[in-house]
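**Q** Each chain is listed here by its residues.
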Amino acid sequence: MPSLVIVNRQGQEQRVETQSGISLMEVIKEAGYDELLAMCGGNCACATCHVFIDSDVAGIAAPTENEIALLETSLNFGDKSRLSCQIPVTDAMNGLRVVIAPSED
Amino acid sequence: MTTAMTQHKIKLRGRLPDEPPIPAHVPPELVMEPIDWEEPNTFADPYIITERVLDELPPIFFSPRPRFGVADPCWVVTHYADIRNVYEKGDLYSSRGQAGFNRLVGETFLMLPLGVDAPEHSKYRNFLNPKFSPRAINALETSIRTMIDELIDGFIDKGQCDAAYDFGRVYPVRVFLNLMGFPQSMLDEFLSWGYAILHSHGNIEKIQWGIGSAIAWLRGFIEETRKNPSDNLASHIVHGEIDGKRLTDDEVIGMMTFLWIGGLDTVAATTSLMLRRLAMQPDLQQNLRAHPELINNAVEEFLRMEPLVNSARLVLKDHEIRGVRIKAGDYISCANNVGNFDPEQFPNPREFRLDRTVNRHFSFSGGPHLCLGVHLARRELRIALGEFLRRVPPFRMAPGAPAEAFPGLIAAPRVPIVWDV
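Order-wise, the sequence lines are chains Z and B. Each residue of the first sequence is one higher than the one before, counting from 1 in our numbering. Each residue of the second sequence is one higher than the one before, counting from 1 in our numbering.
These are calculated hints, taken from the structure and not from any lab test. All residues carry an ideal CB built from backbone N, CA and C; glycine is no exception. Check each hint, because a few of them may be wrong.
Computed spacing ranges between beta-carbons, pair by pair [what the hints assert, rightly or not]:
{"id": "1", "chain 1": "B", "residue 1": "Gly-329", "chain 2": "Z", "residue 2": "Ala-61", "range": "33 to 39 Å"}
{"id": "2", "chain 1": "B", "residue 1": "Glu-320", "chain 2": "Z", "residue 2": "Thr-90", "range": "28 to 34 Å"}
{"id": "3", "chain 1": "B", "residue 1": "Asp-231", "chain 2": "Z", "residue 2": "Ala-62", "range": "28 to 34 Å"}
{"id": "4", "chain 1": "B", "residue 1": "Ser-230", "chain 2": "Z", "residue 2": "Asp-91", "range": "52 to 58 Å"}
{"id": "5", "chain 1": "Z", "residue 1": "Asn-8", "chain 2": "B", "residue 2": "Asn-178", "range": "34 to 40 Å"}
{"id": "6", "chain 1": "Z", "residue 1": "Ala-31", "chain 2": "B", "residue 2": "Ala-136", "range": "29 to 35 Å"}
{"id": "7", "chain 1": "Z", "residue 1": "Ile-68", "chain 2": "B", "residue 2": "His-319", "range": "31 to 37 Å"}
Quick look at which bits of chain Z chain B covers, simulated, 3 or more residues with Cβ under 8 Å [stated by the list, open to error]:
{"id": "8", "region": "32-40"}
{"id": "9", "region": "52-59"}
{"id": "10", "region": "65-77"}
For reference, chain Z alone in the conformation it holds in the complex (with noise of 0.2 Å):
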């Protein structure tokens, strides 16, 4: 049962317990962060779960071709830039601190 650390956009920080299997996004949307839109319902098509993360730290696998594409055209893309619909929750998350990045609107 891993638990994260999610820091919303005023930088309010929440410890979140969670189970591993779903994906990092439904995790953040079923803990009530409504600010995170996940527009397309975590098809990879718009940009909206974007969360900054230390990738390595966790052992998450490195974003595809499609995610990184789609990162690109965020206005607020950076190293820690990831797609949280693309990153399956694992109990070696645990601990992990997730940021929800700005909005875009």
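Got chain Z; can you put chain B on it based on the hints?
**A** Okay, now just chain B, sitting in the frame of chain Z:
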């Protein structure tokens, strides 16, 4: 703001004699066709006609009416969760061949990116995404604002205008022509072709004339652009490469035609319905005027309550939906005009509310084919609504004006309004 509770009775018919036969596996008691989903009405919220569907119709039924370019007679799902599955489960549902109006004039290219599934779909989507991202749309903001303000300048002192014909119909097309690099002088002709395709209630000859004219014109423009590259979106497509290979002729015309269709009419329709509703509901208008900081929420609520298109998919594998047997080769339509009002997703769904924190509706479809133009559409609508409310005094429908609107893409072609100067 609540609309008057009309308790709108559902009006159904069965299959008509000239419609295709119903497949053998479809239970006869599930065959039904709502009569009024494509008829005009005079309600301030034209979509109120679907208010009893979730309670009174089966969650999945079979519509006997063919929809050219979209579906044969098809299943219809109405609940939010089921619609979401159809948009997202790519192993069960395919968008191959969707929006295939061009087939009516013997053209075999696929409309792109809609008409293909993963993995090919991602290639085309990745090719176009950067031109439609929030970052790209930011670069258009000034020109969008200018076009909208120029139109308002034209009628602000008159105390009246047609919010659809003089405003909603025009500004989105101007923005789109500018983005693509098409000449502004083609506005009226483009609209006449577009209406023939999308507003003619399935009249085959009209659709053929519209799509044939558009494709012929686009092919000419593509040739000119081949010789004269520039930095507009049309040139990006004509001279485009994917994985180091030039796009084929079919890929170019497929993208150009689909973008042309998508860019013409949709933002216009939403704008006209939005302004019509504000003209007919002064309390709602006043509430928005009092809360300009909530413009984004307002636009999202208008979008939710005004889905223009119910899109369809082709079924790839036999399976069941709520115990009903669906077969490979069937078509299935997503009734966004019902699912956007599902109380399991949207509390108080028939209320226009500025406080929804989650407004993940289907007016831009869902899943991987989520409308490419979503950021452009939202930005245009936000600017248009904001500027209209900021500059035009409180407005109302012109006395005696017909107040008809369609709960769909034809929307509100005329919205004559007046205000005190």
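**Q** Does each hint hold? Answer for all of them.
**A** Status of the hints after comparison with the structure:
{"no.": "1", "hint": "B:Gly-329 <-> Z:Ala-61: 33 to 39 Å", "verdict": "holds (37 Å)"}
{"no.": "2", "hint": "B:Glu-320 <-> Z:Thr-90: 28 to 34 Å", "verdict": "holds (32 Å)"}
{"no.": "3", "hint": "B:Asp-231 <-> Z:Ala-62: 28 to 34 Å", "verdict": "holds (33 Å)"}
{"no.": "4", "hint": "B:Ser-230 <-> Z:Asp-91: 52 to 58 Å", "verdict": "holds (53 Å)"}
{"no.": "5", "hint": "Z:Asn-8 <-> B:Asn-178: 34 to 40 Å", "verdict": "holds (37 Å)"}
{"no.": "6", "hint": "Z:Ala-31 <-> B:Ala-136: 29 to 35 Å", "verdict": "holds (31 Å)"}
{"no.": "7", "hint": "Z:Ile-68 <-> B:His-319: 31 to 37 Å", "verdict": "holds (34 Å)"}
{"no.": "8", "hint": "32-40", "verdict": "holds (count 5)"}
{"no.": "9", "hint": "52-59", "verdict": "violated (count 0)"}
{"no.": "10", "hint": "65-77", "verdict": "holds (count 8)"}
Taken one by one, the earlier hints fail for this structure only at number 9.
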